[in-house]
Amino acid sequence: MALTGLQIFKLLPKTNCRECGFATCLAFAMALAAGKTSLDDCPQASDEARETLGAAAEPPIRLVTVGQGEYAVELGGELVLFRHEKTFYHPTAVAIEVRDDLPEAELTERLRAVQALSFERVGITMRINSIAIRQTGSDSASFVKTVELVQANSPLPLTLVTQDPGAMRAALAIVGSKRPLLWGAAEANWREMTALAKEYGCPLVVTAGDLAGLSSLSEQVTGNGYKDIVLHVPAKAAGDVLRAATAIRRMAIKKRFRPFGFPVLASVGDNRDAYLTALTAATCIAKYASMIVLDTVDPAVVLPLLTLRQDIYTDPQKPIQVQAACYAIGNPGPDAPVLVTTNFSLTYFSVGNEIESSRVGAYLVTVDTDGTSVLTAWASGKFGPEQIAEALEKTAIGEKVEHRKVVIPGYVAVLSGRLAELSGWDVLVGPREAAALPGFLRSYTAN
Amino acid sequence: MSFELHREKFPCRISEVEIGAGVAGNGQRFLQVGGASTLPFLSFDGPSGHLPVIGMEVWDVVPELWPAPLENIFGPVAGDPVEWARHCAREWGAEFICLRLRGADPELSDASPEACATLARDVLDATGVPLVVLGCGNDAKDNVVLQKVSETCAGRRCLIGPVTSDNYRTIAAAAMVNGHLVIAQSPVDVNMQKQICVLLNDLGVPQTQIVMDPTTGGLGYGLEYTYSVMERVRLAALQGESSLALPMIVFCGFEAWRAKEAKTGPTDGVVQGVAWEALTAGTLLQAGADMVVMLHPEATRVVREHVKVLAGGEMAL
Ligand code: B12
Ligand code: SF4
Chain A
1443 MALTGLQIFK LLPKTNCREC GFATCLAFAM ALAAGKTSLD DCPQASDEAR ETLGAAAEPP
1503 IRLVTVGQGE YAVELGGELV LFRHEKTFYH PTAVAIEVRD DLPEAELTER LRAVQALSFE
1563 RVGITMRINS IAIRQTGSDS ASFVKTVELV QANSPLPLTL VTQDPGAMRA ALAIVGSKRP
1623 LLWGAAEANW REMTALAKEY GCPLVVTAGD LAGLSSLSEQ VTGNGYKDIV LHVPAKAAGD
1683 VLRAATAIRR MAIKKRFRPF GFPVLASVGD NRDAYLTALT AATCIAKYAS MIVLDTVDPA
1743 VVLPLLTLRQ DIYTDPQKPI QVQAACYAIG NPGPDAPVLV TTNFSLTYFS VGNEIESSRV
1803 GAYLVTVDTD GTSVLTAWAS GKFGPEQIAE ALEKTAIGEK VEHRKVVIPG YVAVLSGRLA
1863 ELSGWDVLVG PREAAALPGF LRSYTAN
Chain B
587 MSFELHREKF PCRISEVEIG AGVAGNGQRF LQVGGASTLP FLSFDGPSGH LPVIGMEVWD
647 VVPELWPAPL ENIFGPVAGD PVEWARHCAR EWGAEFICLR LRGADPELSD ASPEACATLA
707 RDVLDATGVP LVVLGCGNDA KDNVVLQKVS ETCAGRRCLI GPVTSDNYRT IAAAAMVNGH
767 LVIAQSPVDV NMQKQICVLL NDLGVPQTQI VMDPTTGGLG YGLEYTYSVM ERVRLAALQG
827 ESSLALPMIV FCGFEAWRAK EAKTGPTDGV VQGVAWEALT AGTLLQAGAD MVVMLHPEAT
887 RVVREHVKVL AGGEMAL
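The listed protein sequences correspond, in order, to chains A and B.
Under the numbering used here, the first sequence is numbered contiguously, ending at residue 1889.
Under the numbering used here, the second sequence is numbered contiguously, ending at residue 903.
The hints are simulated quantities; they were obtained by calculation from the structure and are not laboratory data.
Hints are not guaranteed to be accurate.
Okay, the calculated beta carbon distance ranges per label pair [said to hold, decoys possible]:
no., chain 1, residue 1, chain 2, residue 2, range
1, B, Pro662, A, Gln1510, 30 to 38 angstroms
2, A, Arg1874, B, Asp725, 18 to 26 angstroms
3, B, Pro662, A, Arg1874, 21 to 29 angstroms
4, A, Ser1858, B, Gly665, 29 to 37 angstroms
5, B, Gly679, A, Phe1524, 43 to 51 angstroms
6, B, Val663, A, Ser1822, 34 to 42 angstroms
7, A, Asp1715, B, Gly661, 37 to 45 angstroms
8, B, Pro773, A, Gln1510, 43 to 51 angstroms
9, A, Arg1801, B, Gly661, 28 to 36 angstroms
All C-beta atoms, glycine included, are put in the ideal place defined by N, C-alpha and C.
With the sequences and hints as input, model every part of the structure.
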């Protein structure tokens, strides 16, 4: 079923016209074989090629963009079932729901709260990706008014939640040029909704009560010539969401079942226990939702979820690392403490942030450990006395400070003797957890 | 294209392990774990085995840096591990207790093997639920402590460990002689996990007496590595790698509460530390965790509920 790059190449025009964004037809063919692009991107392909390549020419899961500009978010485009097989590419988008019956003051307050849900972690900003506006009554006027208010007060892409094509059309008259996600099409209204999606060029959520229904609705919409769709099963229990999303992802990737070759949206908002809701959302992040809709703005729920998303979507082949160097934190002078750590981003930022919050200026020397943590690096011989001594030497930290005292992580206290011998520096054993650093540094400088 | 649900069939099944002695009359409960022939909760593929069990961790010494949400709950019982354990089993619904013998560490209280063993037996008697016993991490000391624990709790089918490729003979032998199970630990590594399991098999430890500990990373602090290693281990096992066809245990409470975010987040309303712990567990359940060790009672409760929700559901696929 799957074709090789060369087989695909034979069917292409071989003009290397670059309109697909690749330098050569061969490069494009290779990318297509790997499921990383779609034949639609080659405007020159013959009808014959299209027919021959058929399903094999399209990526297993379509990449669908919601919104535009800086805040646009991409859904889908995944190639594997398990992150260790390669990586997951497009982090689960998180939308926060607002209802159109919220009083204006509460609405703007909620939007402010969403805007505040932005966190720095490992040098990366994590935030919310969309506001989902839900129509609650049959009155399209309050839906439209809410859409207007949200768009005036939030830069985030919108998700328009209404089953009523009239309300959708009215909302699109205002925000139709911004590529909102239309949620959406179901058995009863799919023709009108698909027509609207086409007219405005907006992605469309397709909903059915079970997988068989979803499959046939997906075929109807795509058969109607519209492919920017997102699949949704209105399941409530975490187990149902998990099994439906898994079945969809698996059939899309392993069976190339075209009706399921689209990103999946899961709503997890209707749970009354905040922790259980968070657990359902976590399950969706791990297992195959490209977008989730939450109805909480509590940072104590959102921060753990965004952290989990970052974990699951980091590339397993490449730990995030910082450059091995000497970092000056908070205006250190010649008496400032010198600390060493590894160049694993997580480790570096854990330590760096604590030094910063201690308000004690300090130098942080990072040893190149191929981006591994303190104990992992120590156990694999990348953070031993030799490497640390060498880093002290190489960064010439000795020229910046007038003392010769270096603080090492508490977990590797055992290497202090040998490090002192090799480097000639006095070695101080710091606390084990970085969280204890502010206290440690304050008493350090007091002495 | 007509829709036909694709079901995954694996040739192998995870071994079924029994923890705790179900001796009639003494009220001691026991647990069965493992037995899956599918990935977690994918019951449409086939029998997905016993539901994961959720236990709670108890320390023999009061922890040094106790974050407020834990201090508030455990403060009154922290100095008394037996009472602490009793609370876990009776009030907070722990399905098993995991006793961490930190105090055995020569650099901490250097508790004697006899004291450790008596404590383990007292906890068993006081709670009536199965017991997991962890050493302090000092190999030489753990060898004597866990040997003594094995003898004192003989016949109670405790889960004892961890053992590693560098240190397994003494502990595993003592556990076998006294009818216990062992925890086979590897440092987040599929091949090393296989290695220790094969070593135990060679020593004569049966598949029904091993639980694997692939090493837990907390949310935001290595979770993704544990997650993927566990997924790989479970897939390999289901596909026929019999040495890995064993249940897995994860230590979510211990790892999650080490995170700065768990200690510093909001502590009223939704407690960030509880969410941190619950999400660490919820995620690892998806990677194949069969035994989940928690700390905070609220996190324990929601994860137990979550397991039920995952196993239940009414949607036909
Ligand atoms: C994820 C992980 C891995 C990942 C690597 C992740 C990475 N990029 O480093 C993988 C799977 C690749 C891995 C591999 C190995 N691992 Co590993 N791994 C872990 C795990 C689960 C989490 C590590 C982590 O990310 N911690 C988070 C970071 C932020 O912690 P940290 O760097 O220590 O930083 C903290 C403190 O040290 C402190 N700090 C840091 N710098 C400084 C500086 C100063 C001055 C101060 C005061 C404080 C301070 O602040 C930070 C926050 O508190 C731990 C077990 C665990 N649960 O902790 C095992 C662990 C570290 N690994 C271990 C081992 C043995 C290995 C291997 C050597 C196994 C092997 N033989 O193959 C390999 C090495 C492979 C290689 N060649 O590199 C052992 C180490 C045993 C020991 N005590 O020495 C551990 C403890 C597991 C175990 N119990 O056996 N591992
Ligand atoms: S657009 Fe088509 S013809 Fe042009 S280079 Fe790409 S593959 Fe070749």
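Notebook entry, point to check: Honestly, which of those hints from before does the structure not fit?
Noted result: As far as the earlier hints go, 1, 5, 7 are violated by this structure, in ascending order.
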